[in-house]
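Participant: From the two separate chains plus the hints, produce the assembled complex.
Chains as they are written, first to last, in the working numbering: chain A, 1 to 315; chain B, 1001 to 1494.
Derived by calculation from the structure, the hints in this document are not laboratory data.
The beta-carbon is built from N, C-alpha and C at its ideal position, and this holds for glycine as well.
Since no wrong hints were added, every one of them can be taken at face value.
A short, non-exhaustive set of chain B residues, derived as facing chain A with CB atoms under 8 Å:
id, residue
1, PRO1038
2, HIS1039
3, SER1121
4, GLN1122
5, VAL1190
6, GLY1192
7, LYS1216
8, THR1222
9, ALA1226
10, ASP1232
11, PRO1382
12, GLU1386
13, PHE1389
14, ARG1390
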Amino acid sequence: MLQFFLKRLMALVLTLVVASGVIFLCLEIVPGDPALYMLGLNAQEDTLAALRAELGLDMGPLARYWAWVSGMVVGDFGISYTYRTPVAEMVAERLKVSLPLAVYALTLSTAIAFPAGIWAASRRGRGADIAVMGVTQLGVAIPNFWFAMLMVLVFAIQLRWFNAGGFAGWEAGVGPALKSLTLPAIALALPQASILARVMRSALLESLNEDYVRTARAKGLSRGQALWRHALRNALIPVLTIIGLQFAFLMAGAIIIENVFYLPGLGRLVFQAISARDLIVVESVVMLLVFAVVVVNFLVDIAYALVDPRLRGQV
Amino acid sequence: MFAGWYKKGALAAAALVAGMGMAEAKTDIIVGMQLEPPHLDPTSAAAGAIDSVLYSNVFEGLTRFMSDGSVVPGLAESWDISGDGTVYTFKLRAGVKFHDGTDFTADDVKFSLDRARAEDSQNAQKALFAGITDVAVIDPLTVQVTLGAPNGAFLFNMAWGDAVIVAPESIDTIKTNPVGTGAFQFANWVQGDRIDLVKNPAYWGTPAKLERATFKFISDPTAAFAAVMAEDVHAFAGFPAPENLPQFDADPRFQVLVGSTEGETILSTNNKMPPFDNLMVRKALAHAIDRQAIIDGAMFGYGTPIGTHFAPHNPDYVDLTAQSAYDPEQAKKLLAEAGFPDGFKTTLKLPPPSYARRGGEIIAAQLRAVGIEAEISNLEWPQWLEQVFRGKDYGLTIVSHTEPADINIYARPEYYFQYDNPAFQTLMADLTNTTDPAARSAMLKTAQTIIADDYVNGYLFQLAALSVANAKIDGLWANAPTQATDLTAVYWKD
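Extracted from the complex, chain B is given alone in its bound form (with noise of 0.2 Å):
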């Protein structure tokens, strides 16, 4: 009880002194989020509501994402690279410690790499460390990595949330107390409820300006709402309901923040299963398909259409949605030249996000338009990694496959779609040993190409990044390179 007098006696005052115009900004924040993590350490789940929470806020890497995507520093202060491309020599910021007072020195990045790449590793994405083959502690501020072949996305790997620096001594209750080098460091966690966050004092670099920061788990869009507009949460990142953009937009109380994400939204098609193994009738599929009443029929407008599997807001993003664009005569005449006259049935297996399941609902009317009869199943998560994922027994399926720069997925034959082009597998090999820059642009602009020239699957939309906050707040991120909510340089405006 006295915490709630102490509390409104502090609110009063506050009160007073913004009377008296020499107002005190709020130093703290409440983040409302759909989705709890799992728990809280982002080396050893899937989980993107894990770097959502603790990306750059909690745990730092030796490079890390900025909000345009890019890869800067981070506890890295500089690298060398040998001349041929397998030798990273990272030269570590001097005096940071972790948020339990210990130091952080070269051994700790071996441990977190030699840990992710271990064989008994519950790393999520093990492949990033695939290339390393010996990782030495030079002296306490130089560790040197050693891969097999040259890697031209190894610094860019590193600033996964995969790939962040932990600590030997923090490592056995990382799940339930993380414990890293942030600005900010974890204070408590009420299971369904929320996860607090401190300023750290002791940052390295600039420090946080707010005090604290909540994150609030609203897994229902409606409670989502309500919470923001009670005022209950202060931002909410990753609003569920696009539908209820526009009127926070008309409210002098909010600002809607509209961004980039790395999801490129697709109809993933079982490429050998017939009848989609001919490409005929996949190119059917593609033109088929009206992008943009997708968008603002699922999306309510919100999205970038997209013509092959890559961001639209990275440079080298080749626009070729005219090549599949929205024409059912066509579709219909390639369905008769490959031999399907009255069209044909097939399966469109849905996963939960409202994207899959409003989108679903369109595309079936779309393709039913040109004679495809797509039946569609509801799956949950669970349901759909065993079916579709794994069992790859499915026609097509729509899925936001939200990993940044990810288009090597499509040299994995075995991968759920089951693309299998040699060219295409020759060119990622060639691309990771490839260091230079203009050579490496190149090859991604050719890897656009060929997938959208085999149709490899329909290329729906880059999914955009939507937040609401309080007006007053700046800072935020409007885009997401990856999955964060970074609070290192938010603050109330007065």
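Isolated chain A (complex conformation) (with noise of 0.2 Å):
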């Protein structure tokens, strides 16, 4: 298991250093003068060369690279070009909003998938299997903006239950700042729980053709027993890469979500960022993505290998 566990971790750190070097690359590519940004049409030759010496523009990009990446190492992100404040305060600050909106769709998605996708094998060619199959092909099918639009037309503008978007804020209590992310919630959660039912439908009705299971029924266990005792724990494998592969999309992929219901999330500071040149923004954000997924995939390896102890030996 340690031999696994360390096997895992050196990949981590590889799969991270590659990363950054990539998203530097790309950023250095695109064109763009953060200076001239700030400044505008009216800004001064003199004026764009102090404001880019303050920000450490004339240094050399390999210069910037090492003192990006090595203050990455001990957790300084550096200072923000348009923002003028730490980098690391400001992706703290957004994560308030991103990483409990990621959590609650994951949970409103996990919730509903796990039910419906067990009722669904379990009464496979049935009225229930065909009516959550019907439904989540619709749920895979409709764009989370839409319904989110949608939404905040019905509950927001028809009949005002919610507000139409905006952060509340943690200070002003739990109930208010989870009663603003509960829309977008439901919007990001919809497509996720869609697939996630039709995974878990399909991956339990596999496991229920398998050997262990007929031997199962055989000594005398009812289908439901053998459902529940023997075929879920290894269906639950594909589960779980699909929620790590969610997570991982909810956490970077809010983007949209986040303009609809202009939240004040990670996806939101990426957007801005990236029309604005705030290129230590967008690098240290996407790597701190970048960073989130492979933890995830971390994460997901480490519970294949607790879920199925014979995947401890495989690398």
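Facilitator: Now the structure itself:
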């Protein structure tokens, strides 16, 4: 188990190093001068030079890469070009919105998908199965931003149950804060839950056909008992993979939903930073997302090993 | 949680009071806005969003703009101008305090002006201060500014958001904690979300009527529409989707404010790039464009046609639209005379605002009708600045020039449309040195005519200032003489 763990850890570090290089290179190529963007059409050359020097943009690319990476290792993500506040602080502030939103959406999607998937699998071919498959097909097909706008129209503009967007802030209390994340979380969870339910169903059906399930049935277990005690645990492997991927997607992919609900999350920060050529923020946030994805995958790998002891020997 | 209960209690009490017929008007306001300021120092960035939140509310200058664009005394109560027009002696208001409690004195004025014109200055409008040769403190309430040459626009320049007075005590943290002298003081900034201002109880002038003002940043036009409809925001300054305005107008809950801005929206033309270096071609271009179709199609009817680079609400404006009236036949004839009977190909590079993206499609179609193939490419702002503005690698582009009274950009041959006319440059130099209002007015009129005669750019329309607000709100600026959302006189009607 330890060897498995260490090998996975090494792969994680290597991925991060390569990713930092690729991210930096990509942003070096992007045209646009942050100083010119900030000072606008009437800026004079000497003013631009003064700002560039302050931002450290007059250094060579290698020196800037080194300053960025070496700072990041000790937790210093640099100072934003436009906001002029430490990137780490800004990201921490945005994570207070993005992380709970991702967890909220994932909880919702799991809470919907598990029962729905199990229910459909246990009633294969019958009405319930067909209904779940139909609804999830729709859930996968509907774009989440469109669904979000629809919810805003109904629940915010017509019924006035929710605000059309914005984040109440944790200082307003857990209740109002969660309330302001509810519509976005539902919008994010709907397609995720649909995919997850379908994966859950097919994984379960597959393991229900395995020999060990037949043996369990032969020993006298009912179909339901065999499903809950034997098939479910084995069906969790592909489901965990999907959950891991979905969490990563929820962290990085909430940009559009954050824009629809004007939430001050990480996605919106990246969006603003890209349009302002606040490269240091873009680099650091993308790196952080890579880090999150890699770590989540790492944890999923560990979880596999816990669910299925056979995997511990493999790498 | 207690805060929540307290708020509910307060609401219930307010409802009760209202029921008894002695309504207490609301004293807070939430104003939606599309762009968030990058930081909060108006004296070191071009971002209009900074002024939109802070101008006049938090920061004040020696002079200030009023809603009609006029310039009136601000922190300077009065001034004397020497006979030769080079020495301005400002008498400052007494008893003015910054929000941190320190006194506003002549030293702060000297500090602010010296900082803006310093060698390492990061002021985006450094040219406003270029003529200043010396700033001297005479006594705590008198400051003397000496100019190298007379400058008829000096008092106007001092009203810009880039020329507000800042204090040395608070300058190091100004980007996150702005300290000014205005009727509101900065309270809180949740980045990506909102900025809170509260009333300054020690304001020197007429105190603000609101106790609290919140600016909320909503970039997506659809989200902006939803926020106004759900009444999450009480007003939206610079509403980004003109197509939704009729719907608000028809709803008794809302009022739509349509005002003027300083934004001349033009089809900028690369005057050095063939075939645009040929006056006949530029003239053909001007006649090929149907301004009203662009205003109707891209701006849903909001906007005033212009025939030169000048704001129509300005008293010195000359209406020259007839000179470049829509006449495709004339355009074709001119093209043929210029040696392009079959037209030509060029590029049309469009920045992100909808006036450019939507307007660009319409203009490309109009140009195609006279034989000019304009290949459209959509650029982000940083790309646009790099390629078009700095690199001058473009044939045509569409931009709204929002700086007030900026016809002098035509005197800069290195400017991105590369118009080089020595006569115009001399005229602008003379204008700067002229302080007599009548003479200035005549010169400005001549300037407008020169650039219209030279068909430097395609002059499209003056951008309209579009705002939506709750019908019960009064005192909002309809016009935008500078990028400001002055809330000092705003209040809720009972």
